[in-house]
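Q: Residue strings, one per chain:
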Amino acid sequence: MTTATAHPVAVRRTRRRSPGLGRVLLRRLAHAAVVVAGVVCLTFVIARQLPGDEAVTAAGARATPEQLAAARERLGLDDPLPLQLWHYVSGLARGDLGTSLHTRQPVVSDLGRALPASLELVGSAMVLAVLIGLPLGVIAARFARRRTDLAVRTGSMLLVSVPVFWLALAVQLLLSTKLGWFPVAGEYDRVLDSTSPLTVYTNITAFDALITGNWPILLSTLHHLVLPALVVAAYPTGVVAQMTRAALIEESQQDHVRMERALGFRPLEILLRFSLRPAISPVLTLLALIFAYTLVNSVLVEAIFNWPGIGTYTADAIRSVDTPAIAGVTLVIALVYVTANLAVDLTQIAIDPRTRKS
Amino acid sequence: MNAASPVLQVTGLSIQYGGRRVSSLPDLSVARGEVVAIVGESGSGKSTALTAILGLLAETSADVSGSVSVLGTEVVGASERTLRSLRGSEMALVMQSPQASLNPTMRLGRLIHRALRRHGVGKAEAAGRISDAMTAVRLDEQILDRYAHEVSGGQAQRFAIALAVCLGAQLIAADEPTSALDATVQLEVLTLIRRLAEERRTAWLVVAHDLAMVSMIADHVIVMRDGEVVETGPTRAVLGDPTHEYTRALLDAVPTLPAGGVGHV
Amino acid sequence: MSTTLPIPARRRLRRLAGQDLPTLLAAVALLIVVAAALLAPLVAPYPADGTTATHPAASLLGPSGAHWMGTDAVGRDILTRVMYGARTSLFIAAAVLVLSSTVGVLLGCVAGYSGGWVSDVIMRVTDVFLAFPALLLSLALAVILRPGVGTAIIAIAATWWPWYARLACSAASTIRHRAYIDSARCLGLPRWRIVAEHVLPNSLTPVIVQLSLDAGGVILTAAALSYLGLGAVEPTSEWGLMVQQGQSSFTTEWWIVTFPGLAILLTAFSFNMLGEGLRQALDPRKVAR
Amino acid sequence: GTTRAPSSAGSTFTYAFHLNVVTEWDPAVSYSNESIAMANLYESLTRYDAAAKKVEPLLATSWTKSADGRRWTFTLRDDVTFHTGRKLDSTAVKESIERTKKLAGGAAYIWDPVSSIETPDPTTVVFDLAYPVALDLVASSGYGAYVYDTQAAGTGDLAAWFKKAKDAGTGPYTVDTWTAGAETELRLKAYDDYWGGWTDQQYRAVEFRVTPEVTTAWQLLQRDDVSFVDRLTPQIFEQATTTKGVGTSETSSFQNLLALYNTASGPMADIRVRRAIQMLTDTKAIISALHGAAAPADGLIPPGLIGEGDASVKPDATVAKKLLADAGYDAGHPLRLSLTYAQGDKDQGLYVTLLGSALKAAGVQLDARPMQWDAQWTRGKSADPSQRQDIFVMYWYPDYADPLSWFANLFKSAKDPYFNLAYLEDASVDASVASLPKETAIAPAQAARSYLDLQRRIVVDDAAVTPLYLIKYQRAYSADFTGYVDNPAYPNVVFVHDLRTK
Amino acid sequence: MSEPILAVRDITLAYGHHVALHDFSLVLERGEGSVAIVGESGSGKTSLARAVLGLLQPREGRIEVDGADIGRLRGSAARTWRRRIQPVFQDGQEALDPRRTIGATLGEALRMAGTARRDRPARIEELLDEVDLRPDLVRRRPHELSGGQRQRVAIARALAASPDLLVLDEPTSALDVTVQARIVALLERVATTQQIQLMLITHNIALAQRLTRHTVVLFNGHQVEAGPTEEILRAPRHPYTRTLVSSTPRLWAPLPKVAPAPPAAPAGDGCAYRSRCPHADDACSVVPALVGSPGVACHHPLTTLALDAAGRNGSH
Ligand SMILES: Nc1ncnc2c1ncn2[C@@H]1O[C@H](COP(=O)(O)OP(=O)(O)OP(=O)(O)O)[C@@H](O)[C@H]1O
Ligand SMILES: Nc1ncnc2c1ncn2[C@@H]1O[C@H](COP(=O)(O)OP(=O)(O)OP(=O)(O)O)[C@@H](O)[C@H]1O
Ligand SMILES: [Mg+2]
Ligand SMILES: [Mg+2]
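Chains as they are written, first to last, in this note's numbering: chain A, 19 to 376; chain B, 2 to 266; chain C, 6 to 294; chain D, 144 to 645; chain E, 4 to 319.
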């Protein structure tokens, strides 16, 4: 739209037209749908390329030839490929992701259990990452090129560079076993199931405990959550701190920051109230990407902390070449990725009015 | 403070980057209601001088020496705290690109409120001051609900001036305030500057490179080249009868319609 | 208008070395890692252990004068294997980055320059690969091909190129609006020539910086793949694989896990630090202030 | 929302298992990890005591067989009820075994010899066999031999009923809650009317907690969060033996790791090459590198089963090199061998590493490929011999305590390879395998000798396989209880009712 | 009779839903002198230039060069006409590939113009001389040059293609006043010595006066006035042109007491200038056509008399 025009008429028009938001949203949704469809097809093709025999996994490692044949029949593995894809896609449309070969449960219900647990873990890690990383980034930007900045930069680099599986082992050994500050593993203390049973709505334990006012389980869950969440948060924290710092420093070179200084605002005030909002965009974009990435990477961490999430589920699925489960996980992760991106787009639109122009 | 004493007094100001002098102003004073223009070609150190006067070079690698006194307060070497107390309420800045100099994520009204609160102005008083300033720059108050990118360049520039006006700045420094604007709008802003100088007795320090424009608004002109002042004095004298050849070259180069022309007598 | 002339990259680099101590240290650390990798056959205490040799009788010895970092379950010297592991990791990083940046930059430039539906198609494909979890793609490849360094390289590259495609696409789509592209079109240059001769070279700078930042990430990912049994396989020395093999004995034989873990950390850290330093050094705005 | 049922009051036995527990609730077809739960929910007619190498009574108090071994008569206890309330009688036994046979899933094949079942009276079951086998052993199987209430679902579909995480057994425990995918996946509670009765010193509840990481499990055990850990590393096990408040048990299992050599095609079709590889395989070194996770396997049959004995080849690198030279391999014509093994299995990886190193020293190039099981198997079975590997590494274990499984599956000749991945075609082996079931049923001593001969024939004479080692079970558990016996015939099972708390 | 060098016939330029230029026509005969396109920011000047250069496809209408519709030309014919019209953009920094030396940039232009490889060094030297640059600049890169030098290089590159028409989009507005003057002098010289016609896009009317014989005034995508430059400057007939002319700073001119543009109601479908026009009335709800020669698109064109009165009103 015309913004450079120098008279107010054009400006008015800009304002009236700006509810093109709906169209922007539709466009993003369409993109997301295309991506999901692409992932579905890719997953399917890859799944069919896997050598070996899904029927073997289904019928068991020591299946007899007859059992194998029965399994092939049941799984429709003898159908032509396009027909199989059609079955798969029409199943998807009905919310049917097939039956996992290793748990023998519908993949949907497996994921319904595993995904919330992972979202709980990765979600709290993300919250931690923002709570820790953002202030660190702000501090570094405030004292750019001084010793504090150096410390933050080095620290966040370390967080980004540390192999999580190694960190998980070390932290568990030190903080739980040696110091006894935190539980070794698990979601919450199972003894509580008898003293204060939990009513389940979302399968996100902490959330369910919160909305039902089940304080003992909530506390226990949070206590159990600390270590794995910290470990998972390491990478995003580092990234958030670095991105925030870089974006703030870049923003501080913008004209409006000089203007704000000339108006007598304090440096920290400028950073927090004026620069953070326009600078946050790249940080948010990255968070969305990292969210999906971290979800998969929790494969490495969840097993160590007995967290019954999608990571553990994926590891099992990988181990047993459980095609339906792998396809399901892939799809879910792609959905999370796409959703996170959409959410970020929307947040950006909310935070930064400039993005409201199509 | 004595009405006759200058709002801004600069003596022996010199700015160096890594030992290289990029700008110097041996002597300059701006009185109330006066418009002083700094002209010169690109890189001659105009912006640098202006920035130093506002004390905005303090945190950079620049070496600033000499003396800059704003309403009797020394700026060079002043603490952040002193500078902050001067900024906005005593001296203000208007920059070249009007929209880029306003925070993109904040409605204009919020920005102006924040600035007033920062300077200890209460809520009730703020509202009065804002509507006063908006009237002074001829802006409709509904513009306060908008973001910088939703207003025109001329409006943004007038809003930046309103910000300075409502904080009560005595000295407004403007770095090429109209060169990003359309010809028709440019004239509006120039008129506004002149009018504020006359009506509100604001002191203006304006960086410009269009000599025709300078001739229309400035009382005093400082001509700079390669970081040095080559000529200074009242506008009529300097532009009417340039003594330095560089000033003459500048004048000759101005692609200008003959004075008078259509629509003017 | 910026009044600064961009300072040539070489001078900026030199200036960087003088200023930024951590970056300098990172560079030194990397040099050591590279030297260890290159010279492993010469300087490693038990070169044979880096490849096929085993000494079951000397297994699980703690750090000592003879074995500074101890030995693993089949009695191989860990220091030696860490040094040989540097070769694997650096090789993987280099190969992945070359592969993925080549593919990514080419596609990204074409997409960014063309705009319109070409860009839409390419970028949606890119999105699909971005949305596709790297780990699962690696798994599929590991199963279809076979686990090993080559597979790990292909798998990581397959999920890595979209980043470069995005980067190059956004660089190219800004460049597309530059006046020098229009000038070239007005001279009648064919499309491919414009992409190859103007768009591509000018889109490279952000990619080059990103490459260095990514090297650490690739090494971590490769380690994670090996850790899951989808990457390097015995008897290749690979850090992630070593960590995996020693993981269950972390509480008892800590050295098996710790030294390769530290090697990963150090290398990834150095690459990241260096990349960050490079980014700042090559950013013309930094000099503008 | 649904409220998670509170756990039963009283003491709970918590089993930290390294995988998901239940994939199949139907006892007829269950053939996987869930056996560790099933064995506490269901019972079979007999149980095998590995320590005494004897079949013991369980639901059957006694049994007899005809002279030709083709007619077996079992006498049942008369004080047993199913968890559904129904009383156990001969009809119930007949119905459940017939259903298992009919579904033909899992290990149902073990009942293949049974041609008919008669129930002359409520406590007597008579099996008529098509050919003689040791049916008491078959009935002790940990898979497919459970007796369950086929009428548990009334007129409904029993398979669907089981799917809802229900059990219809006679065992000491019954299902309390099951949450697929949860950390505490399964909880069992005491069945009050259990025929074995209850004392105050028994666990009234059992929990299975999924704990993939060994170190995590061990740390949980030390903090008394779990009662039993099924799997440890040798180093942690060592640490556990000296840790206060922790009990340990170490038992050699019925599961051995085999390197099957391709006797039909490729370089290993030459027996000299196979012998050379056998002699280059230093099983002692492998076992020592496994630091106690493995026990020596002197033959194909693990100790504790009928027919065990020494059928091994001494490692000898010099002879091996000579054999290779004889076979025409030297520096100019190096030998290259391909090997496939299970991806992610560290112990197999260790063997492969050591073998690779030893072969390299002898100038042989080993091309080892870790693979997912089904990919590995598909390749081994491929119709084109050139696709097949030279060495196939796999674990083998019997479904019930009888060694026949190794021979009938792995070394009997077959037109299309299935599990006989050494591709052995040896008529004398085939003949022996055919006669062994009968011998076991009617002349166990003779059978033991035949098995030993057969092992020597396959391992030493045919050089078709190297039994590498036996997996050693290393368990750690809370010292709160006594009475734990690790019975390798029922891998990983803890018979919780047998335990006594202190 | 030869075809006009450039004929723009009823083109409409649009970006998505936004129309940047409505129904625009312009015919430039060979040897007829240069033309200036003036108007404020966003009025569609650059869009027009891009269309003429073939960088933007008109939504409607067509553009002819020597009688050939450039939208239909393909292959070598397209390449030939492309060279006939060459651009010079506002910012020399942007207009030169930052990674190429000046020599390479000019060399590329010469290659496309069909100059043999061995002739190129000499031609490059000639070109540099033409634009008053020292020959040793060939090895430098754009960032090593001053703004004025860069703009000269851009002009040299345009000249390398031996064009008939130079399209100049704000060629001097990024430059210092003194440098501006020299570039203008250079343009003036090449236009006469090389017989190149100019299409000058600017918002600086003084520049138009100096370089061109014809002027077209755009406002908000509409052509509001067209005619000889002298005449338009002396006696603008469209109210917008008048404001534009009177807003241009002149030495010693008194500051007019102009009020900020009134925040009037949206223009709707009528005359684009309606909301700002002091003379607007109901008649203006119809888009005015460009009539007369010199042409004006206004329902109430200013007569010289009315103009005088209005001028006085506006400036005092
Ligand atoms: N941070 C800095 N470091 C080094 N040199 C600088 C810095 N800032 C400005 N300069 C130099 O100081 C000189 C004067 O710059 P300044 O911006 O004041 O010029 P100007 O007269 O405002 O030019 P313009 O008309 O282009 O705005 C220039 O040569 C510039 O390169
Ligand atoms: N690529 C584009 N996409 C969408 N709208 C555009 C684009 N380029 C220009 N416009 C719009 O088209 C209109 C005319 O733009 P144009 O650039 O032709 O104006 P101009 O007269 O050259 O202005 P200026 O003096 O600011 O350069 C403006 O409203 C502008 O916002
Ligand atoms: Mg300046
Ligand atoms: Mg333009």
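What the hints contain is simulated information worked out from the structure, not anything from laboratory work.
Don't take each hint at face value.
Some but not every residue of chain C turned toward chain E, in silico, with C-beta under 10 Å [said to hold, decoys possible]:
1) Gly120
2) Gly121
3) Trp122
4) Ser124
5) Asp125
6) Arg129
7) Ala189
8) Leu194
9) Pro195
10) Arg196
Computed from a predicted structure; not experimentally measured.
Cβ coordinates follow ideal geometry from the N, Cα and C atoms, glycine included.
Q: Hints first: check each against the structure and report whether it holds.
A: Right, here's what the structure says about each hint:
1. Gly120: violated, 12 Å
2. Gly121: violated, 12 Å
3. Trp122: violated, 15 Å
4. Ser124: violated, 16 Å
5. Asp125: violated, 15 Å
6. Arg129: violated, 21 Å
7. Ala189: This hint holds: alanine 189 of chain C lies near chain E, its Cβ roughly 7 Å from the closest one there, short of 10 Å.
8. Leu194: holds, 6 Å
9. Pro195: For proline 195 of chain C, the interface hint holds, since the closest Cβ of chain E sits about 9 Å away, which is under 10 Å.
10. Arg196: For arginine 196 of chain C, the interface hint is violated, since the closest Cβ of chain E sits about 12 Å away, which is over 10 Å.
Comparing the model with each earlier hint shows violations of hints 1, 2, 3, 4, 5, 6, 10; every other hint is respected.
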